[in-house]
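The listed protein sequences correspond, in order, to chains V and X.
For what it's worth, my numbering labels the leading residue of the first sequence as 1, then goes sequentially.
For what it's worth, my numbering labels the leading residue of the second sequence as 1, then goes sequentially.
Hints should not be assumed to be uniformly reliable.
[Stated by the list, open to error] Listed next, the in silico PhoX-like pairs over lysine-lysine satisfying Cα-Cα at most 20 Å (straight line):
{"hint": "1", "chain 1": "X", "residue 1": "Lys-126", "chain 2": "V", "residue 2": "Lys-248"}
{"hint": "2", "chain 1": "V", "residue 1": "Lys-189", "chain 2": "V", "residue 2": "Lys-248"}
{"hint": "3", "chain 1": "X", "residue 1": "Lys-138", "chain 2": "X", "residue 2": "Lys-162"}
{"hint": "4", "chain 1": "X", "residue 1": "Lys-84", "chain 2": "X", "residue 2": "Lys-10"}
{"hint": "5", "chain 1": "V", "residue 1": "Lys-189", "chain 2": "V", "residue 2": "Lys-140"}
{"hint": "6", "chain 1": "X", "residue 1": "Lys-162", "chain 2": "V", "residue 2": "Lys-248"}
{"hint": "7", "chain 1": "X", "residue 1": "Lys-12", "chain 2": "V", "residue 2": "Lys-258"}
{"hint": "8", "chain 1": "X", "residue 1": "Lys-162", "chain 2": "V", "residue 2": "Lys-258"}
{"hint": "9", "chain 1": "V", "residue 1": "Lys-199", "chain 2": "V", "residue 2": "Lys-186"}
{"hint": "10", "chain 1": "X", "residue 1": "Lys-156", "chain 2": "V", "residue 2": "Lys-248"}
{"hint": "11", "chain 1": "X", "residue 1": "Lys-83", "chain 2": "X", "residue 2": "Lys-10"}
{"hint": "12", "chain 1": "V", "residue 1": "Lys-258", "chain 2": "X", "residue 2": "Lys-10"}
What the hints contain is simulated information worked out from the structure, not anything from laboratory work.
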Amino acid sequence: MRINLVGFGVIGKGFAKTLIMKQDWLKSRYGFEPRVVSISDLSGTLVNPGGIDLSATLETVNRTGRIIDCSGASGMQSLDAIRGVEADLMVEVTPTNVVTGEPGLSHMLTAMDAGKHVVTSNKGPLALAYKKLKAASEKKGVQFKFESSAGGAMPLINLANEVLSGDEIISIKGILNGTTNFILTKMTKEGTDFETTLKEAQELGIAETDPSYDISGSDTASKLVILTNAILGREATYSDVSVQGITKITPEAIALAKEEGFVIKLIGEVEDGRLSVAPQLVPENHPLNVDGTLNVASFTTDLAGDVTIVGRGAGAIETNSAILSDILSIYRGVAGR
Amino acid sequence: MRIELDVELKDKPGQLIKALEPISRLGGNLISVIHLRETLTKRGRVPVHIIVSLENLETLETLLTELEANDIWVAKVDEVRRKKRLTILLIGHVVDTDIRDTIDRLNNISGVLVADMSLSMPHPEKETSALMDIEISKPDKLALALDELELIAREKGLTLVKSLEI
Numbered sequence: 001m002r003i004n005l006v007g008f009g010v011i012g013k014g015f016a017k018t019l020i021m022k023q024d025w026l027k028s029r030y031g032f033e034p035r036v037v038s039i040s041d042l043s044g045t046l047v048n049p050g051g052i053d054l055s056a057t058l059e060t061v062n063r064t065g066r067i068i069d070c071s072g073a074s075g076m077q078s079l080d081a082i083r084g085v086e087a088d089l090m091v092e093v094t095p096t097n098v099v100t101g102e103p104g105l106s107h108m109l110t111a112m113d114a115g116k117h118v119v120t121s122n123k124g125p126l127a128l129a130y131k132k133l134k135a136a137s138e139k140k141g142v143q144f145k146f147e148s149s150a151g152g153a154m155p156l157i158n159l160a161n162e163v164l165s166g167d168e169i170i171s172i173k174g175i176l177n178g179t180t181n182f183i184l185t186k187m188t189k190e191g192t193d194f195e196t197t198l199k200e201a202q203e204l205g206i207a208e209t210d211p212s213y214d215i216s217g218s219d220t221a222s223k224l225v226i227l228t229n230a231i232l233g234r235e236a237t238y239s240d241v242s243v244q245g246i247t248k249i250t251p252e253a254i255a256l257a258k259e260e261g262f263v264i265k266l267i268g269e270v271e272d273g274r275l276s277v278a279p280q281l282v283p284e285n286h287p288l289n290v291d292g293t294l295n296v297a298s299f300t301t302d303l304a305g306d307v308t309i310v311g312r313g314a315g316a317i318e319t320n321s322a323i324l325s326d327i328l329s330i331y332r333g334v335a336g337r
Numbered sequence: 001m002r003i004e005l006d007v008e009l010k011d012k013p014g015q016l017i018k019a020l021e022p023i024s025r026l027g028g029n030l031i032s033v034i035h036l037r038e039t040l041t042k043r044g045r046v047p048v049h050i051i052v053s054l055e056n057l058e059t060l061e062t063l064l065t066e067l068e069a070n071d072i073w074v075a076k077v078d079e080v081r082r083k084k085r086l087t088i089l090l091i092g093h094v095v096d097t098d099i100r101d102t103i104d105r106l107n108n109i110s111g112v113l114v115a116d117m118s119l120s121m122p123h124p125e126k127e128t129s130a131l132m133d134i135e136i137s138k139p140d141k142l143a144l145a146l147d148e149l150e151l152i153a154r155e156k157g158l159t160l161v162k163s164l165e166i
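Sequences and hints are given; from them, build the entire structure.
Right, dumping it as structure tokens:
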């Protein structure tokens, strides 16, 4: 299977590392030999129809930060690479943008138009234009998979749509952002205030320099939209979510809640057709009370009752667990395995 | 008269005795106590099913009042659900924005009662937190109470934190 890789930041490099790490295993277990035939970033594109040397590319980009510095690379733009370099599937892992969805949205639509399957971890286009993307993939008869975009390594979409395919999913709720969960957990354990804890999280590299996307609840909201659409079959967009972040939470509020046996968690929830992200009181012994950067999601179903899954919601290698499972599912579908 | 009670205890030592003591004091005869230690309620409390023989309805009312005063929640009496409990947090200038009005507005909804409230005020200038336990004795009033809370929070610029399982 030939792959156009678009985006070579943390997740893109993680994808290359994952393929190197799992190369022999993928071949012996599934007879699967993926070939990355192009890698694009903002600087340009590296092309090799026979398969790019991923180790050498990682070595160069780790040093210079740009694909254009790799031997044989050109200034070819990502959209031209998607149109022009023959491949079966595109992996789209450029930075997310929840305002315009770009450049991910154009990458995906262009790839689909060129008859390529699309696997992505990019939340922006999904939260903004799911309907359009789904229609484009159906029109061209290509697969469109995005397990890694919500919940990182946790197999939520596949769990609901494949494993629990006989169940109707009634509601989804969970903690879908590790940064805010880390901050709230630390405030709870140490009694520190929000600003101090945020600074600590930034020093530890858990929160971004600009943390607003996480702490405002926007990241959770994007993921909630993705899960709602993929699992409940809706066509919701980001603007359908009522969003409240964690910046107003005080150590006193956390202490009061604790006295009554509750913790405060940022919960994304879809129930009775309403999508909301807000801090909520969660009983201490409730399955959704997970600590640190962990994520958790719980489905309420008609047959199985509540099904809860806990896991890592971010990380270069963890996210690629979900990307690889999407690629394998397409490969096995195409190859009839 | 034989009465079945479903009560919910805090998950800490010494709670069961607090539930049983008033029964014996009021001359009740315990028929059965099932302490469901392993199946906590969604609110993290321990459910206990008690069957008891009591003298009359008056004794029952006294017992229920005493239990609730001991922070033992009576969920059902003879399979009839008594009250729903709603715990919420308000963060902001809770006191300065007329806390009396906040409570009155909730209590004015029939079937809704602010049963308990704890305040934490780090400094008069800083934001206060208030944790409220609200009793809902008519199930159809839950949505009304929540709507009113949201309205109050919006009007007074407070942050409302609801509980997960309502």
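Hint check:
1. A distance of roughly 12 Å separates the Cα atoms of X:Lys-126 and V:Lys-248; the hinted pair therefore holds under the 20 Å criterion.
2. Restraint check: the Cα-Cα separation between V:Lys-189 and V:Lys-248 comes to about 18 Å, which is no more than 20 Å; the hinted pair holds.
3. Proposed proximity of X:Lys-138 and X:Lys-162 is supported: the alpha carbons are some 19 Å apart, at most 20 Å.
4. The suggested pairing of X:Lys-84 with X:Lys-10 holds, with an alpha-carbon distance near 16 Å, which does not exceed 20 Å.
5. For the proposed pair V:Lys-189 and V:Lys-140, the alpha carbon gap of about 52 Å is over 20 Å, so the pair is violated.
6. At most 20 Å may separate the alpha-carbon atoms for a hinted pair to count; X:Lys-162 and V:Lys-248 meet this at roughly 14 Å.
7. In summary, the hint linking X:Lys-12 to V:Lys-258 is supported, as the alpha carbons are separated by about 14 Å, within the 20 Å threshold.
8. Under the criterion of a C-alpha separation no larger than 20 Å, the hint pairing X:Lys-162 with V:Lys-258 is consistent with the structure, at around 14 Å.
9. For the suggested pair V:Lys-199 and V:Lys-186, the alpha carbons sit about 12 Å apart, so the restraint of at most 20 Å is met.
10. In summary, the hint linking X:Lys-156 to V:Lys-248 is supported, as the alpha carbons are separated by about 14 Å, within the 20 Å threshold.
11. Using a Cα cut-off of 20 Å, the hinted pair X:Lys-83 and X:Lys-10 holds, with the two alpha carbons roughly 17 Å apart.
12. Annotation: proposed proximity of V:Lys-258 to X:Lys-10 holds, straight-line Cα distance about 13 Å (limit 20 Å).
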